[in-house]
Amino acid sequence: MTSTTFFGLCAAALVGLGCYGLIVNAQLLRKLLAFNLIGHGVFLVCAIIAHRGAADGLGGDPVPQALLITAIVVAFAASALAVALILRLFEETGSASLTRSDGLAKSDTAEQEH
Amino acid sequence: MTTPTTGGGLLLVLTVLLPVVGVLLGLVVGGRHAQRVALVTLLLGLAIAVALTGQLMHSGEAVVYVLGGWSPPLGVALRADGISIVMILAVAVVVAFIAIYACGNFGTPAGVREARRPVMFWLLLLAITGSLNLVFVSGDVFTLYVALELLTFAAVPLVSLDGRAETLQAALRYLLYALLGSMLYLLGIFLLYGAYGTLDIALLAQRIQPETLAWAAAALMTAGLLAKTALFPLHLWLPPAHAGAPAAASAVLSALVIKGAWFLVVRLWFDVFAGVVAPRSMQLLAAMGAAAILIGNVVALQQARLKLLIAYSTVAQIGYLFLMFPLAAGLNAAQLDSAAAVSGGMLQAISHATAKAAMFMAAGLIYVTLGHDRVADLRGVGRALPMTLVAFALGGASLIGLPPSGGFFAKWLLLSAALASMQWWWVAVMIAGGLLTSAYVFMVVVRALQPAEPDWKPRTRVPRYQQGVVLALAVCSFLLGVVAWCPDVTRIGRPGLSVVEAR
Amino acid sequence: MIPSAYRSACLLALAFGVPLSLLLACASRRLRRWMPALFVLAPIPALMAALCADSGSMLQIGNDTLALTFTLDEPGAMLLGVAALLWSACGIYAARDLRERADVDGFIVCWLMTLTGCIGVFLAADVIGFYFLLATLSVGASGLVLQGKGPDAHRASAVYLGLTLLAEGFLLVALILLVQATPDGSVLIRDAAAALSTSAWRDVTLMLLLTGLGIKAALVPLHFWMPLAYDAAPIPAAAVMSGAVVKASVIAMVRLLPFDAALPDCGFPLAAIGMCGALYGVVIGITQLRPTVVLAYSSVSQMGFVVAVIGMGLAAGDDTTPMTAAFYGAHHLLVKGSLFLAVGVLMRTGHRCLWPMLIPAAVIALGLGGLPLTGGALTKYAAKDLLGNGLANSVATASSVATTLLMLHFLHRLRENIAKDVQARAPSVLVWSWLAMALASLAVPWMLYLTVPIDTLSAALAPSALWSALWPVLAGVVLAIVLHRLRQYLPRVPAGDFGMAFGHMQGMCVAAAKAASRADAFLRRWLVATIALLLVALMFGWAAVNY
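Residue numbers (my numbering), protein chains in the order written: chain A, 1 to 114; chain B, 1 to 503; chain C, 1 to 547.
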């Protein structure tokens, strides 16, 4: 097994674990961590592409590395925004989970109008 | 193939740079000046959009700007063809109207130096404008990713601007779902780069081959973008987000932010993946659109709150935007001119943007006047807010597809394309959608026209200029059909279409 | 001298422009108060255009790419002229009626909207303008129905609007197919109609066109909106709707259908449906008690007859059909409008002044059945060429008998519905407008017959023509006497007959809507939505594979 295949499988495992965590966990912070796991998996894919695409004399293709750095920064900003919102939600309600499964408050539930 | 910067290319940079500079300036000056900075910036942005349109029509080809003079694949190019510039102009106009409307709701109160809600609204409005413009002018897929993320980060706080718990929940739902979509899109980008060694859209279109990597990338990117566009059944975040946000924010979110992700799907499918994916994927896309139209409208009919009704109407109208894909593909396959389907889709997007913005702003005024927005208790609105009700009716008429509105001409073009390419089933879907839409529009208007109780008074007086702005935008949307008199700008710069004569 | 083309274009512009500007002026509250007084004057430019504008003159607003075009052909001029008369008379009636209403704004706006749409539809020469003005007409008319005072007004208006929008859906697809069939994509109606008979999509287009226009013309089985709407609407609104609004579908059929080539497999079924409707309308009409509902079923019957005439013309490829159908429609317009006004007047008249009101009503009502020397006899005489000598002619004669029967039933119900107070008199303005319309419906068909001209005077006054018009009326009178004896054996049928059965479908629709809501709530759960996203990615991956 080459290093590319090994890291590829790692990336797949990370994305899989992250998706599982994002879907199943009710607490928002855990969803955020799961999103970060998915992000790491995807970034690992980018790094593998950098390694595969390296020309002679270079350790890795520089373009994917630049993409990687940008994407990490974007994911970081996303996490920061999410954490800020989760903190605010916790201050407002005392809990940091997604409550009603469909996201509409009780007063909004549709009544049959005829 | 290196394309040099064309005349007017600097305008492309300005459309993105100006709102960003506005945000930074607004952050620095803060307080009540943020509103003034925002208004000036949006006005300048409108002027630039008009100048860009003039440049496009004058030169007759796409406007290109190569950043730093380094051409692709190493450098980044900004490229705006007909469909981009039409969207830039539409966004500039709609945001200008929304900004004037929002002066009434988001003014800093007297005696206070700085208030969180108004400052944040104006800065986020500018940020959304800038990121939307970046989506429209980007020439490579990674800049599009950055633009898309900017758009999401600017839109999410608008949802929870009021700070109530359910809006925070809605914002978090939106953010997390959109981030999942982004990750899928990003994975697609990396696969494309890994296979073809370039990110530039024009170069990718040349190098792409029908192989597994390309299909996987197409599937991942499309799925991610559909999550951000809230196409049925991926629409979980839209109703609570758009209904919970303040009226001006809902108008921006529903009318414009959605169109950013949709535009990306158009750009990718028509420019990058055009010859590579099988036609049945287009049918799948439109099938989801058809489900959105039918189920979205039926659920909208049953809503008890006006803002939720309009939000579900958005879910349905997004479906129309995706009908243009198989129609354009079908016309191409039948050796006919497919520009009509593309024009129809663009006109549908613009007319929906204007009409939905007007409807959400009208709903905001109704809420302020009545103190609630229950659909069953709308009586008295007709007397208290006549201009607003007319605006709602005109916006609804555009959604239903009554002439001379933009919605009618868009429907005409799409129906012609469907009939010419023998895809009868989309015809039935569009007609059924129009009927269902008319049901709830008439329901709201008739209920609002009923006289109120004799001793009822409006809760708050709404300033006349707000009503005037809403009516003006609704009249724009109702008369948008007159663009049929203008030359078809959407053809300019589209490869392979410039040679065919218009109808 | 002003060149006549320019003069005609000005007349057309005024005909459409005056009601439109009145409608737009309603935005101001002060001007709105003056509108009822202007109801009588608003259609006058249209009348002038119908009388003075040259046939075939055109008014075009716009450039070559897209233009709104108005034109006046002969059938259109005939219908426009009589419609303008009806609108004026009903305008006088409505203005007087509005003094007794509390909330007049809605009525004023809807009246002007319907008037603008009506005149526009008769003048429209391009497909898009026609569709737009038809939509304006329908929305305005449903608004007028909503102005009725009864509890059924909401339901009647909803049914009317729903069916009319459904009809316009069919019509839109048909119009697009028509435009696609024209050689250069022209949107003019006359180009579209010329290209239709040789189009590749001819059968589909005809079917869609006839379904859409048939719903608007109250062809059985989609006619049930008519009794509900005409019963619920205020009297002047019902008069104008049964007279002018429903003729929009007649003028559309006459302009869009191809009469240059014989199309028997389309024309004969259409004629059959029309004749069934003509008889069905009478059968249900005689079971009804309210005079407005009886008149509505009479309209169903008469519109069925007009459609049958058009169908026979289509089958034979006869190009005199437009004039004949328009003539028949014009007479029906005048008579039906007058009879609705008669209902309104007689509802306020007591026994003392009954007979001066009832006699004119009786004369024109029997004219609908074909009483000799009335307009009805003329129109039936003009239509007999198209109907031929076979089955269609016999059914047409049966229809005359049936119509006479129905009209006598109507007169009886009219008499039963007069004011309780013996001394009551209707306001004189109402009475004069009604009598003016009655006179017009007697005189105008003769004027049209002689001046257009349809046929010669001697042919119409020949003894054979007079007898063939008289004996169905006598047979109808006999049947009416029989019916009067047996009337307690008639079943009670609700207005709107089997359309009420659709009300039971409401339960099914509600269940389907609830299911859609539940599906939506299910799909919006986080678990389901995220799994759906991943599934969508997989599905696109499968769908994109393209070897």
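Just so you know, these hints were derived from the structure itself, not from any lab.
Glycine included, C-beta positions come from ideal geometry on N, C-alpha and C.
Any given hint could turn out to be false.
[As the list claims (entries may be wrong)] Distance windows between CB atoms, simulated:
#1 C:Ile61 <-> B:Gly107: 37 to 45 Å
#2 A:Leu29 <-> B:Leu44: 39 to 47 Å
#3 A:Ala54 <-> B:Arg117: 25 to 33 Å
#4 B:Ala334 <-> C:Met207: 21 to 29 Å
#5 A:Tyr20 <-> B:Gln450: 49 to 57 Å
[As the list claims (entries may be wrong)] Covered stretches of chain A, as calculated for chain B (at least 3 residues, CB under 8 Å):
#6 66-72
#7 90-98
(request) Report the numbers of all earlier hints that the structure fails to satisfy, in ascending order. (result) 3
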